[in-house]
Amino acid sequence: MSTGTNTKCSLMDGQRVCCNNEYATVRYTGPVVGASGMWVGLEWDNLSRGRHSGSYKGREYFSVGRPNSGSFVRSHVVDAGIEFIDAVKEKYGLDESAVNEEVIEGIGGRDIIVIGAKFINKKQSNFSESFSINLYNMKVSSITVNPLYEHLLPKASLLDLSNNLINSWLVVSNVTFFMPNISTLSLNNCRMTAPLNDSEASMISSCFDKVSTLSLNKTLINWHDLPFVSIMFANLRELSFCDNSAQLSGLPSDSFAQLQMLLLDFNPIDSWDLVLQLGRLPGLTELYCNGCGIPSVYFPDSKEDQFFPKLSLLSLKQNKISSLESINQLNKLPRLVELSLTANPVLSLDKEEYARMEVVARIGGMVTLNKTTILARERMESEVWYSIKYGTQWFEAKATSDVTEPDLMGRFLAFHPRYREIVKKYGEPEIGQLKKTSNKLKDSLLLVNIVVGSIESGTRVVSKKLPSGTTIMKLKIIIEKVFRVDKKKQLLSYVSAGTSNKPVLIDNDYRSLSFFAIDNNDTIIVTSS
Amino acid sequence: MSTVAREVMSVHVGQCGSQVGNACWELFCMEHGIEPNGKIANDNKVVDNSFQTFYNETAAGQYVPRALFVDLEPTVIDEIRTGTYKALYHPEQLITGKEDAANNYARGHYTVGKELIDVLLDRIRKSAEGCSGLQGFMVFHSYGGGTGSGFTSLMLERLAIDYGKKSKFHLPIYPSPEISTAVVEPYNSVLTTHCTMENADCAFLLDNTACYEICQKNLDVERPTYSNLNRLIVQVVSALTSSLRFEGCLNVDLCEFQTNLVPYPRIHFPLASYAPILSNEKAHHEQMTIHEITSKCFDRENQMIKVDTRAGKFMACCMLYRGDIVPKDINAAINFMKNKADVKFVDWCPTGFKVGINFQPTTIVPGSEMAKTQRSVCMLTNTTALMDVWSRLNTKFDMMYAKRAFIHCTWERGWKRGSSATRGKTWPRWSETTRRLGWTPSLFKMNMRKPRRRWKKERNLCCQVNLPETF
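As they're listed, the protein sequences go chains A and B. Every number in the numbering used here is 8 more than the matching position in the first sequence, counting from 1. Every number in the numbering used here is 481 more than the matching position in the second sequence, counting from 1.
Please keep in mind that the hints were generated in silico from the structure rather than gathered at the bench. Heads up, some of the hints might be wrong.
[Said to hold, decoys possible] When the alpha-carbon atoms are kept at most 25 Å apart in a straight line, the in silico SDA-like pairs for lysine to any residue are as follows: (1) A:Lys-359 <-> A:Ser-304; (2) A:Lys-97 <-> B:Pro-842; (3) A:Lys-130 <-> B:Thr-844.
Same shape as in the complex, but just chain B:
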């Protein structure tokens, strides 16, 4: 691979995005043998240039991540500026404001966000100009925070204008059902999903509760902290992007995800699950065969978001195997999967399974509770069961909005009440529109008697619904 096109730029927004980003680049550096100062260790020769999709090579032989960290307040990013990897990033990659968004979407999007957006876009432009063939963006953020929701949606709107054709992938942290850090999370989540629905191509939802439970059950950690969760999340991210960073067959790319996993532009939320997740001692005496890791993927316990897939049907599925796996084993695993009775596909979507293999095994950061395994699999499914996830969010939104609770925060900060007649009207209709968007049961439980006609009608409905403008 001599010329490296297909560069990917990652943007980490807010506290959540920055902390996940820190863990992410730490892992990527370990996988590629890049030291904290950006240089490759002397004894590793650069055999495979594929990692330059994520790293920029400078004239001094240093490899700088193609990433931008942005937050409206400086504390979190200051920790990166003074942490182990401070020499890895260029100072211009770490963008901070002075006053944070205080869990307020309107502050993140309008008041405080608008000060910083131009700086960010300028840096993105500079970075993009240095790329020979920018493939797209990966955005890490949370749904519940102010910066993660408001600023991200602002950024995506602007990116859609400047870089319309590039893919934009999200890794949002969905507000978990049990562990909630802010009361207004439902508002922030719904608003940001609405605004990014048009602009994002694919969003791999991740949920804190699911990750907590994985840490407690599989890794035996009594009280997981955010750093435990982040290390788990970045293993999934690493599996997703491994085909881009290591030499492999082209078809298991990030762009291919779009083609395979997203049947309609609005239904772009695949569910990720990862196996095996084992603590160090279990890895020594549990043999992880391909059958076992494949079946664990279908287990509810290994999913990155809390949802019951048996309640829904699959629209598309992608399995990414990594490590010491031979194609013969894959065939055996596929035969095993065939016997899984609870995998049902919807009949209005023609896609099926895609299975890819990558040669490079996983690496783990030293001090991590997860054990290094010789083979692993990450499964991405677009399943109708995710409707559950959105309806949970909708109910919470409705409950709060019915009482107009906490609305004044957002109204005071960003929207001037009554500044436009439509604005006042469209907010209450928002919950209605989310239902019309395609998250209704009717879309998924098709009328079996006349499938084709109904399918077309529903497809048109979800593709062409004219959404009201942003507030």
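Same shape as in the complex, but just chain A:
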């Protein structure tokens, strides 16, 4: 853990430092009234380390972005970080002490044998062959151009500088002196300050013209500084901008012209309007907005061609989309083929399979939903199910459209924009399919009227609700209880409701009411033999 030359005068305001494994930004260096010696005022990344907001005993020395994140420390505990080239050598450089088979006292009393350490070290220390450099958490704070090491890593295309102490884009641009062919750059967790103006940004941009993938997660870069990023990285294809507490706003029209993939996960985007503004990006094919708190999705009708013209993958997991109307809107995207909607309330509106079928039916061009391909058969089943589900409403709307409520059809189609298309493909749903069968026992009871003698004789008629599966034996027992006619002497017959047919004899005691086709409101005539 090298401390470098960090006397108090070499620490600058805004410099990123590390102190006991916690990262902080220097905000003040100098004396503090009420305490002896020289102090360094830090704004901690981790709020729990902070004691105050930059003031001590009534005097304010510096201001902090978030309240209670500041404190004063002695300069000797502050680690200003190391040079890039030193970090590379420390991690990947030739280690004379490496052996190919090393035995370490390990777990549970057993030895751990590490094999191949020397071989790997030899291979990795050959910098001219390295293809990726990872300096995660190595406290790199500066990258100074050193003519000795020009093009040290000619084949290296991936550089990961996450969790380091770099804070300036100018410093990052020096990396290309060592790695001319860099194409993937990762600066997660580095709190970068934006370039001052466009000209500075364009000066840097010549260094980064080969960078196609950039990762800026948790950097707390403001959204309105992104145009600078776009100028610096003119050929950027993929940008990862997650977890930045970014408040989205518009972007200038020529920024990110080549951008194809954009990740905005876990940013607090509360409204879809903000995302919609990204629709102007001409090359965008993949957009990820997982965990952003988006409540609904919509695309304006009038200029729909201009919004997300090439978008083929949209990922909206863990959001708050709760209405099917959003799903309808997604159908407007011309090129959308892959969609992810897991953990949204809209998928819990119905049973899991039904929710999936509903989404599949509402978006016609979709090929993959939640990373599972929609086969042709599944699409057909979903669309037919969808047409049956809303069939009654469709027929109602059709029936009343010309006469009483012309608007009903309009409203129906507004909520089911694909319905017409589906009906054209598969035909209208059958009336028989639309009938709702109730599974409740209550609804499947038959009302039968029981009369002794004959219908005309005027004796009392008792109405009873019986399930259609009641056996005649049971019916006879019921009649015995009610009319006190001995069941062995009962002769039953029935007359269908509303007809004057001859009574049909019920002869078999072991069959049920449904066997004899006894329906609602039929009359059962009891005679005694």
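Assemble chain B onto chain A, guided by the hints.
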């Protein structure tokens, strides 16, 4: 590496084996830059010849996989014959019969299998003759299917006769507890394990349910299909064989697995787990440090078979790191592992941990849900918790056998009832013998008071048990 000895031949048996094999060779070709027609792309010069352990170089400069696909019915292999990689394989490598084994071990082993076994062995012999130093075989098959179980055991018996000293490694797909494709899977599995117990050197069990759950939880796939599972499985296979296919230190070889992971010849079932398994978007914002991937390996969620390792003890452990990893990071990871309290070793087995590093990072097939990561680790542990796996299988077997359910299928097809007095008798004793084999709790929960004597006795028991002959 000028002369390449240590060739490995892979044999893919049955539908499962062939489909996994297809995915496997697809990935291997991507890793080595071999195009679907077998040629190396022009701009990649062959720097490292190590991949010739798996590929044969023909005179025309084409690289042909040293693999054989065999199935008793043609549909699955026909898909390979007409698929993207049809130009990669020689027609003689794809062997098919006409009538399949219908999930029946006896058909796979006796009736239908015996027609095809000679053809297969002939092709194996031809391929082996072209090798300067054949190291061994890798067999991909399932336990539950008819071909995968019956034909594999037949093949292994014959291979043991012809190539006795070569290592034989299996990658069987164990019948999963929840997703079952055939009712007679327990029969097929038990029979094939019995027959291959003597002949196989190491079997890396893989389970469909575990892979399904990994796909659902880690990769966010709503309904995983077999192709999702296969792509996951082949990443594990790639990690296992990476030390053979890329230049590296010799000691992390396939043969070394045998030495390190298999304390006794019958306890040759290591559990594989792999980390990190991430979907594309997660890979962009999750930093996969060595600590994280090492700890994920010990997680139940990253295991390739559903078993609770905390219930058992470790007998041996091998960790294979791949990618952008420096030895210093390994030391840090080891210190981390030391603090893991739940890693306990048995006291009657002297082996410990072996940690290996390979330079080459993982490659993924385009269109795969898994993200490409710069570093990954595959952990192989021989743990006593796998006893659970076998006892599950045994219970199912016992339940069915107690009622003699589905026995008639196998009896009619293969075994003639009463043809030999011993045959009738040995079947019911089979479940008893599996218990005696070494899968009993008593083997693993040793009597602490007199460890040494008991240990020797138990070791003798499991090494020298005279198993009845195959039916």
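Hints, one by one, checked against the model:
1. Straight-line distance between C-alpha atoms of A:Lys-359 and A:Ser-304 comes to about 21 Å, which keeps the hinted pair within the 25 Å bound.
2. Our distance criterion of 25 Å between C-alpha atoms is met by A:Lys-97 and B:Pro-842, whose separation comes to about 21 Å.
3. Annotation: proposed proximity of A:Lys-130 to B:Thr-844 holds, straight-line Cα distance about 23 Å (limit 25 Å).
The structure meets every hint from the earlier list without exception.
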